[in-house]
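Chains as they are written, first to last, in my numbering: chain W, 1 to 285; chain C, 1 to 265; chain P, 1 to 406.
If a hint is listed, it holds; no wrong ones were tucked in.
Just some of the chain C residues that point at chain W, by a computed CB distance under 8 Å: (1) Gly85; (2) Val106; (3) Ser155; (4) Ala196; (5) Phe199.
The hints are simulated quantities; they were obtained by calculation from the structure and are not laboratory data. Just so you know, even glycine gets a beta-carbon here, dropped at the ideal spot from N, CA and C.
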Amino acid sequence: MTGALARLRGLALILPGAGWLALFFLVPLAIIFVVSLGDRGALDRIDLSSPSFDNYARAFDPVFLATFLNSVRFAAVTTILCLLIGYPIAYWISRYGGRRKVLLLILVMLPFWTSYLIRTYSWMIVLRDNGVVNSLLQALGLTSQPIILMNTELSVILGMTYGFLPFAILPLFVSIDRLDPSLVAAARDLYATGRSAFVNVTLPLTMPGIVAAGLLTFIPAIGDFVTPDLLGGPETTTIAKNIQVLFLANRDWPYGAALGFVLMVVTLAGTLVAIRTLRREVVGS
Amino acid sequence: MQTRNRWLTGFAVAVYAFLFAPIAVLILFSFNSARRGVAFQDFTLDWYPRLFQNEELIDALFVTLRIAVVAVIVSTLLGALLGLGLARLRFRGQGVTETLLLLPMVTPEIVMGLSLLLFFLQLFGAHGSFVQLSIAHVTFCISFVAVTVRARAASMNPQLEEAARDLGASATGAFVHVTLPLIAPAVFAGAMLSFALSFDDYVVTTFNAGVGNSTLPLYIYGRLKFGVTPEINAISTIIVAVTATIILVAWRVGAFRGEARSSPA
Amino acid sequence: MTDRHAHDGSSIDLEKALVRYMVERRISRRQLLETIARVGPAAALAPVIAACTASPPASASASPSATPGASAGSPSASAEPTPLPSPESELFIYNWTDYLADEVIASFESSYGVKVTQSFFSTTDEMYTNLGTDGGGYDLSFPISVDIPGLIEKGTIIELDPAFLTNIGNLGAEWANPGYDPGNAHSVPYMWWTTGVGYDTARITDELTSSNALWDARWANHISMLDDWQEVFGLTLIQLGYSANTENTSELDEALARLQEQKPLVRTYSTDTIGTMTSGDIWIGHIWGADRYAIQEVNENVVYYIPEEGGVKGSDALAVMSGAPHPIAAQLFINHVLDAKNSAANTNLIYYMGPNAAAKEFILPEILDDPTINPDQEIVDKLEELLSLSQDVRDEYLSRWQQLRG
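The shape of chain W in the complex, shown without the other chains (with noise of 0.2 Å):
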């Protein structure tokens, strides 16, 4: 087989997909850049004749920095969480799963075939104040006042972390499945320990998949603002919060493109960067 045939098969390949995201994501795209580029007209309507870059000047405004910061601590913390917890049980499934891998995986799914809102109402009844955990708490003798759960820090970060894990658990399961189990032995016959066969063996081996599901999880979760708005408090608040107000209650459509698009700039330069620091690691070991 030519390396010719190979590339034009390869390119064959992604090209439907490629040519669908370059019509109905690249074009409408391009249509909400020009719309930054213009000013919000008369009557909601968008002036485009004097089209200049000063919406993404005003984007810079400091006032949308501490949300900026909400929004990147967010979903560090989600994603580090994403992986420390769905890592063991992607390993789990896999390894221990035998026949019922595929049922389990499914199961991992399944809290997440009903709606967000109520999930995020259940996790409600079970951090208010005179929810689940206080009633318990305090039954238990161990507090006498309600500890408060809800609208802080602590709250937003689990309802991420539990609406984020299955985006985690399902590349990290489909990569370390694919793992080649006599490998692993060979590993363990030449490091003698786990720890080591697992640091330098399992994990390295499986980078592909800790990437894919940190980007399904980190990319998203900096881009949530549904979450922080139903379970945080007054300081909780995310920039993709702040792009939803321009557009919707300001009406500033030409603003909040640009603001937008300031947010994708930014992920997806620090997301490239730490994709390619990952594979040159696991290319260097």
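Starting from the known structure of chain W, fit chains C and P onto it as the hints suggest.
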């Protein structure tokens, strides 16, 4: 090995408990006679018959399911091919394609939702059709499938398919018999993520749904103004119960065994 | 278009009685006409019915099947052969979930032969975005009254044909000529509400009357404000003695400073007051008056008051979109909602007072007698309506809101 297994199993049970804790609360409160609140009043079955009289809720459920099915099929197909192609190919535009893959994920939902709304308004002068809503859902699902499949395919030995070809398999034969079974678990995982994403999407849907296309999330969020009642818990309970039954029956019948066997390489 | 029969008292009353009868019996006019044709004695009614059916815009109850039914069933139908619009076969409503009683929709469907399809939004911002400049394919929606002038200017909504609105007289006198839409030319008021303060008497034993209570450090971490910039600034501005719709930026700065003072005490900015005030989280909250009923269902210790400094009121309206595919059905539906019993059915579902004076006799006494849902005129006079602000003024509010929330 045995002790580690027990430790891990204990951890796994705890995580499954965490995942299902809100579902247990959700199911419990579908039998709550009180319309609202965190306290369980009396046991009642009233919400279930009420649910079936609620034509709009049932309609919304079926719209949601129809869109999710389309979104899962199309996005899994396109996303899996894309992920596979990207994992295999070393070409000059790869960085660009990879960025393209991540872009839909880094795009704030409201930007994506409104950009599609503008796109359809500009191009077709109309918006809100079933086709438009399906296209929107496929668009935000593709990347999730592609990233998952790519991770699996990246750790796959590219020489396997070549070896099969050397042994006389046709290109299609090598793909169907070697590559496909290897990436199948990732494709399956991607399909499940797509279903969950589509089934629960609110922001993109709200700007791309039109007459007759109100999905379950739109129905439920629309109720926020007056407080959500246990009817919503009841319908969620039914969805979980029906899905769980189908899964268990399928498992008993052995539907997943082929895949389970093929997964360890 | 207008028909004298529509303004003829006797035929209207008779017609109303008939419509009510049909609604209650869930039969269409065609069925009724056929029954009448079959059962001889009722033939005396035929001329009236024929006159009504022959002029659908004037008689709200005309159904599409009525005209053929009338000509087949009663010979006097030929008296007025004017071709008149009959409702289309469908109606697309864009609405909050559960904002219209099921029976009101069902009776409209059965008496007019129209299939109603509802779609749902969860914030007014979403509604306006999707309605765009022509209604986005919907026939009918529920904008906030103060936004009506803007929607007229944008060309989103149409002028209503008074011929369809035979029940408009049911509106209370104070709603006949609202400032946002003189003469109800483009919209018909649907429901109205007040915004004030709710508190849990089991936690707070003081008798509260002022909005300053929301700034009381004794209740730190158990205070909530609505996640709604205009409501939050409205309450604070009124408390400071200014207009809830001020355009004076130094007054806005003062309000922002006051709100920043409050922020460390606030547990959450949320519109889910039903959830927060029934769970022990919130002892005192800035709430929409009507929500108090839902809260009391679970926590009967919660009471509601309109601050002595003054409160905020608002209302929703029904309006027909300029691009409506079914404008006749939409206007007939508005008239259907204006019917006293139908209006009462909606109030009894959601516990918001409607502007319908004739509906009062059908409203549940518990709602009617509740001074917080149905306050005395003296209290109503102290209320200020939140206005639709110009873009620049809006930006002044919102930039401060982002500073507070960010």
